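Line order of the protein sequences matches chains B and R.
Going by the numbering used here, the letters in the first sequence line up with residues 1 to 147, in that order.
Going by the numbering used here, the letters in the second sequence line up with residues 1 to 149, in that order.
Since the hints were made in silico from the structure, they are not lab data.
Possibly wrong hints are sitting among the right ones.
Covered by chain B, per the in silico footprint, the following chain R stretches (three or more residues, Cβ under 8 Å) [claimed, not checked]:
#1 33–46
#2 66–80
#3 89–101
Residues of chain B clear of chain R, computed beta-carbon distances all greater than 10 Å [said to hold, decoys possible]:
#4 R30
#5 T43
#6 D45
#7 A62
#8 A89
#9 V139
BS3-like mimics (lysine-lysine), calculated; alpha carbons at most 30 Å apart, straight line [stated by the list, open to error]:
#10 B:K111 <-> R:K15
#11 R:K91 <-> R:K15
#12 R:K143 <-> B:K118
#13 B:K20 <-> B:K118
#14 B:K20 <-> B:K111
#15 R:K143 <-> B:K111
#16 B:K20 <-> R:K143
#17 R:K143 <-> R:K91
Being a predicted model, the structure only gives us computed values, none of them experimental.
A virtual CB, placed ideally from N, CA and C, is assigned to each residue, including glycine.
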Amino acid sequence: MKAAHDPRAAALAPKASADKLIRLPPIRVRTGASEVAGFLRETGDARTGGVVPVTFPARWLALPALRGLILQLIGGDGFLPVQEGQTFAYEHELRIETDYVLAVEARRTAKPPRLTLKMAVSTGQGENCAHLETVLRIVPLNLEPAS
Amino acid sequence: MIEAGLERAPPDWPKAGDEIRAQNFGPFAREALARYAAVSGDDNPLHLDPEAARAAGLAGPAVHGMLMLSCFEPLIMRWRRDLFIARLSGKFLRPVLAGEGIRVSGRVMRRRDVPRPELTLRLIARAQNNDLAILGEATVWYKIPGPLS
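Next comes chain R alone, as it looks inside the complex (with noise of 0.2 Å):
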């Protein structure tokens, strides 16, 4: 559940255009994806197979989308503590292969204050060679930060 929250938003509560310290992901070795295969069940040949990654027109195996999904909250809880995220979208965009890495980063898209502090954040996740893999987005509720967070 939700923390009982605060109505007003915190002193350094974020502001539209406010910047996330891109941070770097990764490389994601085959090894890596078989490991994500095993805790995520998604055993997609297309991640784990050559063979089958090339049948349906990739050069090797794709890092999952989902993996790479999954690296915006980590991105998000370590630039503030203090967030409950209510909603995590993104469209897969390019393949990462096997053995890159991705740098995701964010900004702040929108504030509100009222009926609870709330941001949207527009996300990012880029492969090496910069094309843009993930356009993501979230909408992040202030809570405040339990012992476990």
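Just chain B, same shape as in the assembly (with noise of 0.2 Å):
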């Protein structure tokens, strides 16, 4: 990609003293019909009856707290995520219309310049039902006007 030649990915590639690893507070999320319902129709799945989609957890990724986590680790503005990877694994079946309680951490490598999310998923009660992975490659934008 061209933007693999901007001179601001030098910036990303910093000591390797600058790797992070930020692990966030407990956050409750809600499996809500509607939003499974939209989520299936937008990922062309015709199913229906209160099954919840294995990537519809992908969701919770843009969650405030997430979205700002990102945010700030990737590097602000100039830089944009673009996903390399992503895993899911399940213990359980998501059940609809149910209350789950979300671990993440984030480790942020300078070298190679990634954000790797991980993000478990429990019930109220502590049982694990799944697991996620999220690796993201992180890419500076070339804002310079066209000529």
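Assemble the dimeric complex from its two separately framed chains, guided by the hints.
Written as structure tokens, this is what we have:
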């Protein structure tokens, strides 16, 4: 990609000591029926009747606490996260209209410039349901006006 | 929760090498990406704003990788209703641009019968030009299909 040659990429690869690990306080979420239905519709999944799709927890990456963390760790407005990999691992299916608790850990590495988010989804009673891992490549934007 | 499953694989349980018939998803017009952004919360301008996409080195807005990864679940569940997807992963190898579609397919790579009937699936999403967009893998377990599956 063109962005890979941007000189600001050097700023993304400082000393290894710049690596950061941040854990967020537990976050409560819910598998709301209307949110699940919208997600199924827009992902071409024709199933109905209370199914929570495997990839539905991805929407929790957009929660304000996570958005702020991602923006902070990628370096601000001059950079964008580009998804490189994603894993969902389930011990139990998620149920519709049910409350869950997220435990989120974010690791920012300088070499290579990546942000890895790990999210554990559990019930309010502490039963583990799922784990997610999201790997984001950090791309500096070429904001110079076109000549 | 996983339905109480049988200890043994059903007679038609797939074997290594079996194919999951390819299916097409999309094309994903920019309006579709905006709708996905609304339901997923992923409003990264890389997917929605041509200028931002160009600034990141792309020819135009790219389809959300997670949207394409999500297509594997209906692929699998249309193939067989008696599965629980215990693990789904994908590596995003090439961007697919707005307006294009993908063709997803799969193959059984490994079958295990104990301690529970389990399959490892190799999953592939290709762009319209046949570029490999996502290389995925799923682990699925047998479960008794419920009435709502």
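Here's how the hints hold up against the structure:
{"no.": "1", "hint": "33–46", "result": "holds (count 11)"}
{"no.": "2", "hint": "66–80", "result": "holds (count 8)"}
{"no.": "3", "hint": "89–101", "result": "holds (count 4)"}
{"no.": "4", "hint": "R30", "result": "holds, 14 Å"}
{"no.": "5", "hint": "T43", "result": "violated, 4 Å"}
{"no.": "6", "hint": "D45", "result": "violated, 5 Å"}
{"no.": "7", "hint": "A62", "result": "violated, 3 Å"}
{"no.": "8", "hint": "A89", "result": "violated, 5 Å"}
{"no.": "9", "hint": "V139", "result": "violated, 5 Å"}
{"no.": "10", "hint": "B:K111 <-> R:K15", "result": "violated, 41 Å"}
{"no.": "11", "hint": "R:K91 <-> R:K15", "result": "holds, 25 Å"}
{"no.": "12", "hint": "R:K143 <-> B:K118", "result": "holds, 27 Å"}
{"no.": "13", "hint": "B:K20 <-> B:K118", "result": "holds, 14 Å"}
{"no.": "14", "hint": "B:K20 <-> B:K111", "result": "holds, 12 Å"}
{"no.": "15", "hint": "R:K143 <-> B:K111", "result": "violated, 43 Å"}
{"no.": "16", "hint": "B:K20 <-> R:K143", "result": "violated, 41 Å"}
{"no.": "17", "hint": "R:K143 <-> R:K91", "result": "holds, 27 Å"}
Of the numbered hints listed earlier, those contradicted by the structure are 5, 6, 7, 8, 9, 10, 15, 16.
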